[in-house]
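Line by line, the protein sequences give chains A and B. Using UniProt numbering, count along the first sequence one by one with no gaps and you end on 353. Using UniProt numbering, count along the second sequence one by one with no gaps and you end on 353.
It cannot be assumed that every hint is accurate.
Any copy, or any two copies together, can satisfy a pair, since identical chains are not distinguished.
Dumping the calculated SDA-like pairs for lysine to any residue here, alpha-carbon to alpha-carbon at most 25 Å [claimed, not checked]: (1) Lys84 with Arg139; (2) Lys74 with Glu195; (3) Lys287 with Tyr254; (4) Lys84 with Gly30; (5) Lys175 with Glu36; (6) Lys74 with Asp127; (7) Lys74 with Phe216; (8) Lys96 with Phe216; (9) Lys224 with Leu279; (10) Lys96 with Arg128; (11) Lys287 with Gly186; (12) Lys74 with Glu194; (13) Lys74 with Glu198; (14) Lys266 with Arg256; (15) Lys175 with Asp15.
These aren't lab readings, by the way, just hints derived from the structure by calculation.
If you want the building blocks of each chain, they are given just below.
2 protein chains.
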Amino acid sequence: MPSKVRIALDAMGGDVGAPVVIPGAAISLGRHRETEFLLFGDRAKIEPELDRHPELKAASRIIHTDVAVSMEDKPSQALRRGRKTSSMWLAIDAVKKGEADVAISAGNTGALMAMSRFNLRTLPGIDRPALAAIWPTMRGDSVVLDLGASIGGDARHLVALAVMGASMASVLFDKPRPTVGLLNIGVEEIKGHEEIREAGEMLRAMNLPQLDYIGFVEGDGIGKGLADVIVTEGYSGNIALKATEGTARQISEYLRNEMRRSWMNKLGYLFARSAFRTLRDKMDPNKSNGGVFLGLKGVVVKSHGGTNAEGFAYAIDVGYEMVKFDLLNKINQMLNRDGGALVSVPTEPEDVS
Amino acid sequence: MPSKVRIALDAMGGDVGAPVVIPGAAISLGRHRETEFLLFGDRAKIEPELDRHPELKAASRIIHTDVAVSMEDKPSQALRRGRKTSSMWLAIDAVKKGEADVAISAGNTGALMAMSRFNLRTLPGIDRPALAAIWPTMRGDSVVLDLGASIGGDARHLVALAVMGASMASVLFDKPRPTVGLLNIGVEEIKGHEEIREAGEMLRAMNLPQLDYIGFVEGDGIGKGLADVIVTEGYSGNIALKATEGTARQISEYLRNEMRRSWMNKLGYLFARSAFRTLRDKMDPNKSNGGVFLGLKGVVVKSHGGTNAEGFAYAIDVGYEMVKFDLLNKINQMLNRDGGALVSVPTEPEDVS
Numbered sequence: 001m002p003s004k005v006r007i008a009l010d011a012m013g014g015d016v017g018a019p020v021v022i023p024g025a026a027i028s029l030g031r032h033r034e035t036e037f038l039l040f041g042d043r044a045k046i047e048p049e050l051d052r053h054p055e056l057k058a059a060s061r062i063i064h065t066d067v068a069v070s071m072e073d074k075p076s077q078a079l080r081r082g083r084k085t086s087s088m089w090l091a092i093d094a095v096k097k098g099e100a101d102v103a104i105s106a107g108n109t110g111a112l113m114a115m116s117r118f119n120l121r122t123l124p125g126i127d128r129p130a131l132a133a134i135w136p137t138m139r140g141d142s143v144v145l146d147l148g149a150s151i152g153g154d155a156r157h158l159v160a161l162a163v164m165g166a167s168m169a170s171v172l173f174d175k176p177r178p179t180v181g182l183l184n185i186g187v188e189e190i191k192g193h194e195e196i197r198e199a200g201e202m203l204r205a206m207n208l209p210q211l212d213y214i215g216f217v218e219g220d221g222i223g224k225g226l227a228d229v230i231v232t233e234g235y236s237g238n239i240a241l242k243a244t245e246g247t248a249r250q251i252s253e254y255l256r257n258e259m260r261r262s263w264m265n266k267l268g269y270l271f272a273r274s275a276f277r278t279l280r281d282k283m284d285p286n287k288s289n290g291g292v293f294l295g296l297k298g299v300v301v302k303s304h305g306g307t308n309a310e311g312f313a314y315a316i317d318v319g320y321e322m323v324k325f326d327l328l329n330k331i332n333q334m335l336n337r338d339g340g341a342l343v344s345v346p347t348e349p350e351d352v353s
Numbered sequence: 001m002p003s004k005v006r007i008a009l010d011a012m013g014g015d016v017g018a019p020v021v022i023p024g025a026a027i028s029l030g031r032h033r034e035t036e037f038l039l040f041g042d043r044a045k046i047e048p049e050l051d052r053h054p055e056l057k058a059a060s061r062i063i064h065t066d067v068a069v070s071m072e073d074k075p076s077q078a079l080r081r082g083r084k085t086s087s088m089w090l091a092i093d094a095v096k097k098g099e100a101d102v103a104i105s106a107g108n109t110g111a112l113m114a115m116s117r118f119n120l121r122t123l124p125g126i127d128r129p130a131l132a133a134i135w136p137t138m139r140g141d142s143v144v145l146d147l148g149a150s151i152g153g154d155a156r157h158l159v160a161l162a163v164m165g166a167s168m169a170s171v172l173f174d175k176p177r178p179t180v181g182l183l184n185i186g187v188e189e190i191k192g193h194e195e196i197r198e199a200g201e202m203l204r205a206m207n208l209p210q211l212d213y214i215g216f217v218e219g220d221g222i223g224k225g226l227a228d229v230i231v232t233e234g235y236s237g238n239i240a241l242k243a244t245e246g247t248a249r250q251i252s253e254y255l256r257n258e259m260r261r262s263w264m265n266k267l268g269y270l271f272a273r274s275a276f277r278t279l280r281d282k283m284d285p286n287k288s289n290g291g292v293f294l295g296l297k298g299v300v301v302k303s304h305g306g307t308n309a310e311g312f313a314y315a316i317d318v319g320y321e322m323v324k325f326d327l328l329n330k331i332n333q334m335l336n337r338d339g340g341a342l343v344s345v346p347t348e349p350e351d352v353s
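Sequences are here, hints too, so could you generate the full structure?
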């Protein structure tokens, strides 16, 4: 691990680009002095922002490019138009070349995924990368994956997700053997897809030293914090994430409307405003910003496209911690422990032939 | 439609049984005088409850049975043990025999599903029934289905869900052509399973007079109320429902804890308590209690097992409305309009052979 954490930023990514990315980097630098930044993008847009943050400027280098992936580009378009030239590609490429330890972008998720996978490639034993995020629960944070990097998948894919998620949780939460649950539905006998049941049996049979498999967890178990790591395939993970974000927004709106409805309520709001501030903080999606692509030969962090500077700084913090605590090596070790955690898994019929 | 709505209740269903079911029926009867009840279960447990509600007693008949399906029974166990004898089976059977218009149970979901399907059978053109619920959104209520009655399914199954959900929404919301969205994830190109894309194309091509297909809706679109009907297969639907319930509970708990933290907050709570009461009402799962099994030759309503009397009364209300506004005939008409909405769907390759 290098003494400094070297962070490659796609300075053009997200709904706003440099006016969010640069102030975000300045906030994160304030928290982690031992950081260096490579800023990829349009110099004319980056420099004015950087001039407002002299300390960041001293810790940064700009690598100019005119090309930026737009939020509307399809992954294939982004690859065609932006390969080798776009700020997103170049930030990922800096990780590949060993010039940076992590790449962070608030750009288009599909494009970031496609470029990361195309350029960095997946780790041995991993077919498809995953998007993992830190999820605030009643008992602290959990890691939830996959949030939409890939859809569906067999039992072996779910086991790979469990191993990668456990690596991330052990790094983040400093737990040698985090608990892992498989997301499932609660109706007996028709319980879950075949592959979820099979993954559960595999995890139990493997009894891995690096994770404590606790069984199935229902949708409401995520928020209860029933496990440090919640594993599901990308379609349902994405639906769960978005449904949760939507519910939080819906309740905030109800509350805001109610608080305006009478002078008694308004007065109550004034008295209890510290409580509301804490609640807003807890529910602030910016504070859990920073999805991590797992399973690649390099660390890539995805920030929400619509985040503000504070939110982008959290995404950088996530990337910083992943590097500082050596996530990549940890995942590799876990995947290859005892001759390969996943290789030792009973193979599927189609793999045998 | 009969002048009275005849409701068969599984008086033994749910975590509590008769002490919730009977007072719940009394509440609902207060709202809909033109109701008659058939109460299935242990007479010794039903009668003492009924004695406290003379008006309900006058509108009810007890059909005694010793056998009750337990909340822990697997569907196959429930069928083995409780077929033809249990309070749950007899309530469903009353619908089959035409003695009741709707059966309502707070019992074990899997067992209720299995018995309903086994006894009532599915409508022509419907392979697998669905569980639909009323979902409170920022723009009023939506119908969401399937919430876990069956897992997975091809495009034709999703189209059937759309048609049945639209029937239910048109009945509930009095809209001749409710909007329908397919739940999907937002990443371009890897967007959704093949069957969701295909269902979208089918719905667009069919351009049915009874529903207005508006395209894909992401997880946060449910709470925004983007469509009157949200369609998804049962696994992701169940995950979305439970994740949403979990989030609501998590936020309530945050808020409750914060409000107790200082005397200023407590004072604020007192002033704004009408606002909190409204919020609690809006978030109360009892008030959106009552999932409807769609696609069967009869109407069956599932109440939450852990609901209170007020919540069970809402489930009865839902059943009442389904009968009063003739849901079953509406679904049948929609399924068979123009020679069969679903039959006219381009068949899958495997159906051709």
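Results for each hint:
Neither within a single protomer nor between protomers do Lys84 and Arg139 lie at most 25 Å apart by alpha-carbon distance, with minima of 43 Å and 46 Å respectively. Taking the closest pair of Cα atoms, Lys74 and Glu195 come within 25 Å of each other only across two copies (20 Å); inside a single copy the shortest separation is 30 Å, beyond that limit. Both within a single protomer and between protomers do Lys287 and Tyr254 lie at most 25 Å apart by alpha-carbon distance, with minima of 22 Å and 16 Å respectively. Taking the closest pair of Cα atoms, Lys84 and Gly30 never come within 25 Å of each other, the shortest separation being 32 Å inside a single copy and 71 Å across copies.
Taking identical chains as interchangeable, the C-alpha atoms of Lys175 and Glu36 are never at most 25 Å apart, the minima being 28 Å within one chain and 59 Å between chains. Taking the shortest alpha-carbon separations for Lys74 and Asp127, only the intra-copy value of 22 Å comes in at or below 25 Å, while the best inter-copy value is 36 Å. Proximity of Lys74 to Phe216 under the C-alpha cut-off of 25 Å is restricted to the inter-copy arrangement: shortest distance 17 Å between copies versus 35 Å within a copy. Taking CA atoms no more than 25 Å apart as the test, Lys96 paired with Phe216 passes in neither setting, with 37 Å inside one copy and 36 Å between copies.
In this assembly of identical chains, Lys224 and Leu279 lie within 25 Å of each other by CA distance both inside one copy and across copies; the values are 17 Å within and 21 Å between. In this assembly of identical chains, the alpha carbons of Lys96 and Arg128 lie at most 25 Å apart only when taken from the same copy (18 Å versus 49 Å across copies). For the identical chains of this complex, Lys287 and Gly186 are inter-copy neighbours only, at 22 Å across copies versus 31 Å inside a copy, given an alpha-carbon limit of 25 Å. For the identical chains of this complex, Lys74 and Glu194 are inter-copy neighbours only, at 17 Å across copies versus 32 Å inside a copy, given an alpha-carbon limit of 25 Å.
Within a single copy, Lys74 and Glu198 get their C-alpha atoms only as close as 34 Å, which misses the 25 Å cut-off; across copies the closest is 20 Å, which meets it. Proximity of Lys266 and Arg256 under a CA criterion of 25 Å is satisfied in both settings, with 10 Å inside one chain copy and 18 Å between copies. Taking CA atoms no more than 25 Å apart as the test, Lys175 paired with Asp15 passes in neither setting, with 36 Å inside one copy and 37 Å between copies.
In summary, the numbered hints that this structure violates are 1, 4, 5, 8, 15.
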